[in-house]
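Number of protein chains: 4
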Amino acid sequence: MNFASDNWSGVHPEISERMLKESTGYAPAYGNSDLDKYIEHYFNEIFEREVAVFFVATGTAANALALASINKPGGVTFCHTESHMLDDECGAPEFFASGARLSPVEGTQGKISPENLVKEIERFPRDFIHAGQPMAVSITQATEIGTSYSIEEIKNISDVCKQHNIPLHMDGARFANALTFLNVTPSQLTWKAGIDILSFGATKNGCWCAEALIFMHPEQTNDFPYIRKRSGQLFSKTRFISSQFAAYFENDLWLRLAQHSNLMAQYLGDGIEKSADARLAWATESNEVFCIVRQLTAEKLQKQNVIFHQWNQPRAYPNLLSKDEVILRMVCSFETNQKMIDQFLQLIN
Amino acid sequence: MNFASDNWSGVHPEISERMLKESTGYAPAYGNSDLDKYIEHYFNEIFEREVAVFFVATGTAANALALASINKPGGVTFCHTESHMLDDECGAPEFFASGARLSPVEGTQGKISPENLVKEIERFPRDFIHAGQPMAVSITQATEIGTSYSIEEIKNISDVCKQHNIPLHMDGARFANALTFLNVTPSQLTWKAGIDILSFGATKNGCWCAEALIFMHPEQTNDFPYIRKRSGQLFSKTRFISSQFAAYFENDLWLRLAQHSNLMAQYLGDGIEKSADARLAWATESNEVFCIVRQLTAEKLQKQNVIFHQWNQPRAYPNLLSKDEVILRMVCSFETNQKMIDQFLQLIN
Amino acid sequence: MNFASDNWSGVHPEISERMLKESTGYAPAYGNSDLDKYIEHYFNEIFEREVAVFFVATGTAANALALASINKPGGVTFCHTESHMLDDECGAPEFFASGARLSPVEGTQGKISPENLVKEIERFPRDFIHAGQPMAVSITQATEIGTSYSIEEIKNISDVCKQHNIPLHMDGARFANALTFLNVTPSQLTWKAGIDILSFGATKNGCWCAEALIFMHPEQTNDFPYIRKRSGQLFSKTRFISSQFAAYFENDLWLRLAQHSNLMAQYLGDGIEKSADARLAWATESNEVFCIVRQLTAEKLQKQNVIFHQWNQPRAYPNLLSKDEVILRMVCSFETNQKMIDQFLQLIN
Amino acid sequence: MNFASDNWSGVHPEISERMLKESTGYAPAYGNSDLDKYIEHYFNEIFEREVAVFFVATGTAANALALASINKPGGVTFCHTESHMLDDECGAPEFFASGARLSPVEGTQGKISPENLVKEIERFPRDFIHAGQPMAVSITQATEIGTSYSIEEIKNISDVCKQHNIPLHMDGARFANALTFLNVTPSQLTWKAGIDILSFGATKNGCWCAEALIFMHPEQTNDFPYIRKRSGQLFSKTRFISSQFAAYFENDLWLRLAQHSNLMAQYLGDGIEKSADARLAWATESNEVFCIVRQLTAEKLQKQNVIFHQWNQPRAYPNLLSKDEVILRMVCSFETNQKMIDQFLQLIN
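Residue numbers (our numbering), protein chains in the order written: chain A, 397 to 745; chain B, 397 to 745; chain C, 397 to 745; chain D, 397 to 745.
Bear in mind the hints are in silico, worked out from the structure with no lab data behind them. Incorrect hints may have been included.
Identical copies look the same in the list; a pair holds intra-copy or inter-copy alike.
[As the list claims (entries may be wrong)] The calculated DSS-like cross-link candidates involving lysine-lysine, where the alpha carbons are at most 30 Å apart (straight line), are:
(1) Lys696 x Lys735
(2) Lys433 x Lys417
(3) Lys588 x Lys515
(4) Lys515 x Lys719
(5) Lys433 x Lys696
(6) Lys515 x Lys696
(7) Lys417 x Lys735
(8) Lys699 x Lys433
(9) Lys699 x Lys719
(10) Lys417 x Lys558
(11) Lys670 x Lys699
If you're wondering where the values come from, they're calculated on a predicted model, not measured in any experiment.
Excised from the complex, chain A in its bound form (with noise of 0.2 Å):
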């Protein structure tokens, strides 16, 4: 019963056999093959607007590298006090922006609250050098802990980007999850909400290695290739990861695999409220769940080989767990079943 992550699971064997497929013969590399080139306007009609489309090596370099190319002196980016960026790239966005700082906004169910935003912004008078300067908010779509901005929260979020001038990034490595989710158009949960950059991630479902940056404003990355190749993230044989993205799209592959996932965290989490062990910390709302639990339980399950990870208190929630509560996340994904699942629910009561 695995649910510690859904990069623990392998590739879908439509994508790794499109890999097989492409795998021989002659093509140009860096990004010059028939294929990357299919593969980048393919972008664009998912997209339903000219974008312009970066493979990367992972969901760090696409963050990362979105702030880099955004990047000011003295600049200070907006995301959630929980987020991936904050807690889980070993200063990669810091690096890569020459220093710039993240500053954390606090929020509940994962997100950034826009008056939280307002205030933390207004810390940074126009002017007042010593200070720095704003220079991009960023949030996470599905959030870290399982649950989705909706189209109307993000518009919010977008708002006040606007008024301070400066862009909104959506770190989306689950991003065809809180698009099934919300049952929305990829053009409807990015820039026709105010969605500049996306990190857009593929790895998580059902992929090997399939990062891109997608950037809304095509005229704006003139500097971007240099970028890229500097930060060592420009792959020669580039066709590995477009035959991935090729086997993705083709009849919705993406879509049907997410829906599948959040399906699955569906039946678990409904699983979970009907048990008196354990509880929902909050909404499922992706491909995530998680599972409030005492102590006892987490280790009993342990031992009856349930695999999950053991999740920090988010600070937002201070009072959440009871003495000897414990929170496990459990993430579905395209190899999870409803059997591993009932397996799991039976060790609960």
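Got chain A sorted already, so can you dock chains B, C and D onto it with the hints?
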């Protein structure tokens, strides 16, 4: 007749099939799978000592992070005037090493001359803070112009490094080609000859994307996991690299592929030497052949679908070309075959 | 009635006259004059041990280069939520430390609470690469809100640092004010209490421009001369700084100036406490007084040419102010006199 | 007989006395005093246009921040092989420009040759991402070997810059010396000849510490205040610099000091030319004289208390020296007088 580059080739079937095979089921992410661990240890056997192995995304990343790991303020790394680091990495080495400089050293055969190296290092007298301080030497093996440093030549450079107490890095984007050309062991070609850090490239020799940084002194790499993660170079589903290496090393596939490429290059070179229309720029000592033809001949070949890169005249060879002559770089890979070469040779007299 | 800042004051005559005196004749540049050497050694006497001394241009430079000297990849430096490093240095610490992060720690009295410090450090478990790694703790003495850490309080923080094996830095922009307030020796206030690196500020205490970075462990500074030069912080005619320090230390001028400033602050604080219109925000423990008045009173004072800075409510004191109240920061310097304060006190009842 | 460097001299009395005079009373910090504003505007008059002026701590800082202000990813700045930027700034330009590279350009007379410049720039074809991109050209005026670019020579280099759409920076550590040697106006020597950014040095010409970065296009400097502050280069008591410039410009003191230094250098150069034991390495076109003597003569001079720096043979002059000959750099300043030179000349025949 495609001689554009070894990174225009696809992937050897044994490698791509192994990837497919390893693509199912769960495995710990971020380098912690059994296969990851197996491959890490396999490198110890290959190098006949305990080494520290870190997968990265690209050869540029490997080189740049090598320098980052031994970074000094005001540091200067000495490399050949036409080295990949200087000409083809868009400043990545300097970026990752906080601005530490690359300083060009002249030498024929695409190799650093030890005498010139000493002269350049002596421009940085100890304690003359203004100039900065020597930080490393980097050599490319096989070189950018297809030659290979002999063991003796590496030792001569290593002697200079030891006298000045700076480490010696090897850019091994075509490590296997040099290894099999010289007919030596990996340990002889590296730490026994004085190499401290190796960029071990497998992508050009039949993989999709398989690059590793090998430290011969693992005790000096405590901070390196943070350096890699901070660089956006820590993959989640690392199996996708381990599985490539698994096939790469199995039954010496890597050596067989390199031997084949080298053999094809020798065959091509021999044909060129016999030709009236073309001549070799210098000796062929790996899988790259540099061929001098008249501009008109080059154009004719292109029209007949021979694909190659035109190459800059090295600074060390100011009188190499007669007027109207150009240099063609022709690269052989595991996909190159004798028939393809024969077809080409028929186009020149 | 100018209480804007101690850096709005000019220069004490003994200092400016000494500069004039040292302005003639030839002397070796870049820190090699006799006077430079004399001052360097003088610091050893002041700190009762061999220290390494480096002049720099500004307090921000001193703090930032302190971090650069102990920089780690993915490094995190813990400092107070309202510290100068976080609020007033435009990201210089992160810039010079290659993006290493500053992490805010809460605490009342403008001081890091050791309990909170432990909690924050524990967010970075050993070997959890993703989070990064603790790199340093920095405290400001006197603090940004005019309080001073006691020796005991410093030792408590130092104990945490030692447990986690990270160095402790002190931002001593107002070092002399804390020193004389606490009536201790420089050695007691620094290395005997566990301080490893000190930003020693003299500019605010009557100099033009005299800032030094003091390393208590000179054997760890081999690379620092390069760090400073690479930062554009190595002055040529260093006499202009040495001569300021020469006068500063002569006959304990520095202590007398700080005592005077502190005394004036006490006098001002006492007056405020007796006033009906104003009250102290917290204790006065250096040369800065923080005074709470109604907004209307603040405006009236400004009209009557009282110069001060309005201050943000510290995050640790969310309920400090009633509606319509504001905090005024009033700074005393060597130029402040009793008459000026009496004039001010007459304006509030 | 001290000819070591113009930064071994002290400070002209008119300047040090003006500092003393401005050292009393309160004034806004961080460049906001009346005197600061006055000096800022004075620069507009000097350059006959609106310029943006930023004080910094050192010439190295000025050069490095100039590049930081026009920084590009993968950027390459072209400067002379023996330029101060390359040889004497410990990598500061690369550090502040996030690793952007300095690329050496050969030329005689210490000057960039426009033909060589074109060749070097052409090594970076548009859109060949791997190589990086041209970012700037920097020339030193007067040069590091005491020559001065003519207006015509500057325009020729500027023409190349304009063709390639990159800005032209001038390192004016000895700007006043070149200006008075050429007998032109500041506007003729800079923007009218195509200079975009100027490092304006006054320290070597009789100040303590007075360096400014001058942007000829103030509308392009919106971010520069943040760049400077982030670099630890924003002084608090900026009066200490403004007061130096106030005296420096008053009654053309700066021009008189430079004329004197140049005149002394001419006198010294003339004496050397008449000598049997010594000869000039090249023409004297500022306040620096480069004199070739035999090693034995150099040693004799040192024993007789002549202070100078021995200089490296420029790469452009491989055959300049006979065996046993060395180059002496001898610098004149406002403190140099005829008597001192006569004393020296008596020591050589």
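| said: Hint by hint, where does the structure go against what was stated? Just the numbers, ascending. | reply: 10
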